[in-house]
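K.L.:
Protein chains in written order, with my numbering: chain A, 1 to 407; chain B, 1 to 190.
Take the hints with a grain of salt, since some may be wrong.
[To be verified] Each pair of labels, with its calculated beta carbon distance range:
{"no.": "1", "chain 1": "A", "residue 1": "G398", "chain 2": "B", "residue 2": "G164", "range": "38 to 44 Å"}
{"no.": "2", "chain 1": "A", "residue 1": "E297", "chain 2": "B", "residue 2": "K99", "range": "38 to 44 Å"}
{"no.": "3", "chain 1": "A", "residue 1": "P219", "chain 2": "B", "residue 2": "G164", "range": "57 to 63 Å"}
The hints are simulated quantities; they were obtained by calculation from the structure and are not laboratory data.
By construction, the Cβ of each residue, glycine as well, lies at the ideal position given by its N, Cα and C atoms.
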Amino acid sequence: MSAVLKPKSKAIVCDGNEAAAWAVTLARVDMVAVYPITPQSSLVEYLAKFVADGKLNAEIVDVEGEHSVLSVLHGGVLAGARAYTGTCGPGLAFMFEPYLRTPGMRMPLVMSIVTRDTLTPQSVWGGHQDAMSVREVGWIQMYCETVQEVLDTTIMAYKVSEHRDVMLPVNVCHDGNYLSYGATRVELPTQEEVDAFLPPPSVNWHAALDPSRPMAVDPLTGGAGGPGPSLFVRYRKGQCSGMQHALAAIEAAHEDWARIVGRRHAPLVESYRMDDAEVALVTLGSMTGAGKDAVDEARDRGERVGLVKVKTYRPFPVQAVARALSGVKAVGVVDRSVSFGWNCGPLYQDVIAALQFAAQRPAAMSFIGGLAGADITTDHFGRVIERTQALARDGQVGETVWLNEKD
Amino acid sequence: MYEIRIHGRGGQGAVMAGGILATAMVNEGKYVVAVPSFGFERRGAPVASFLRMDTREIRQMTNIYRPDCVLCIDPTVGRAVNVFDGIRDNSTWIQTTAKPIGELAVPDKVTTVGLCDAVAIALDIFKRPITNTLMLGAFAKTTGLVSLDSLRAAVEDSDFRDAGLQQNLLALERGYNETVVHTFERREAA
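Just chain A, same shape as in the assembly (with noise of 0.2 Å):
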């Protein structure tokens, strides 16, 4: 539902799937290609009505599958376009050659993920499994936790995208179902403050497409003599530095907003109730609201729990989890999608990687929980803090739980 209060008032009531559409309009994109997916549909929607509307002034491209979606957004980035599409889970695999490239390109680009559990068994509902499964590939990703932070994050994406030390593709992860269609009170900025923090489109020259200067664009590069293994090395070697640079231009584009907009949001990761803390959950996503209201029901009992929630996951924020984390007794990391490698959550992993640099090194373990649309509510986060608090006492790591394996 489209609903704007009053003419002049800011707050509306949206899910965030419109609160992206939104998103997109007051970054004033020039180019959009989407094709649509459940539970990404409607914000294909939301965009094609705003573009009839005449609110957001964009091309909008029906192409006829997610390939060319990236494929022709390439173009649009190689001439100087500010570029926007999204996806989920089959969508995302459909797109994944075109995928691989933009990053190597280092084309900047706001894609969001409205993340969707894979196949298979079939499945049409949330979980992270989409967004996780291409969590190598050179894209930034962050996680949202409110339909509000899915508005201010897309806007603020393009600014890190396109910042000079990072030319990055960046996905804005929003939780199929829960965040995609769930509703809430949003306030919506204005187009003044987000021209004031977002300035006009940011050229790649380095890639870009200009007819005085011909060249060719990703040349075959590489093999085992002549300049191939250097040069490979070089761009390999840039789009690495260019994913650590990022971590800074997170953290200054959320210090931009608060500064412009007024609304403050963890860039990198949230520490809540974390002062004092014996054990510690880790969230990532639209989880962590409930799980913030199970830490408070902890604390009420006198409990010392906290939580940590990753906001930033691709590049992984290795300093700032182990220092969130340093100190605690334990740690329960809650994932929404598996590592098949593994037999865990792939943030579970991250986070036990991080804890080598932590200066007091706490026991974890991981929980796997809200699959295919499952449910993560308090209930089963007080299962998380109980089970977390007996490795606080007798340090023994257990198997992996499985939170929604007997609901």
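Use these hints to put chain B onto chain A, whose structure you have.
P.N.:
Leaving out everything else, chain B in the frame of chain A:
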């Protein structure tokens, strides 16, 4: 925090009703989270929509398992699902039905019941059994948690146009006026 679970059938607008109610409540300065249930919804299949309201920011983006209020916009959905699942003590039940209160089985935990023959009124107004805006009127009358004016403004701001808008505004009004509210003394939990 006040938790409402809306039950209906695919095509009746249970999700849209949640959105309009959320807008009206936000209009009155409340914080609201409306989360629809989801699946391969098709016309006639039971659907639910969840709405939380509070005077401060709501953080849980989850379904509702212990509602303070159950709003049924379909007369027979209660045969397909247990609409009273998990209800709290002293809860409110708002039901579209042609039956009088004496012919309904009211659970002990329910202390307020709002009844509205919304299907008959909908057939009169829309010539179709579309009950969502009617039952929002019934909700306002039964609970007093949102004003009819705010609901009217939310319907006007929605995607209804022209004749459809007028019909829905009338439906809201008639739903409000033609709902009968029954209250019961607090009963011992069974």
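K.L.:
Hints first: check each against the structure and report whether it holds.
P.N.:
Tested hints:
1. A:G398 with B:G164: 38 to 44 Å: Violated: the Cβ-Cβ distance is about 57 Å, outside 38 to 44 Å.
2. A:E297 with B:K99: 38 to 44 Å: Between E297 of chain A and K99 of chain B, where Cβ atoms are some 41 Å apart, the hint holds.
3. A:P219 with B:G164: 57 to 63 Å: holds, 58 Å
In terms of the numbered hints stated before, the structure departs from hint 1 and from no other.
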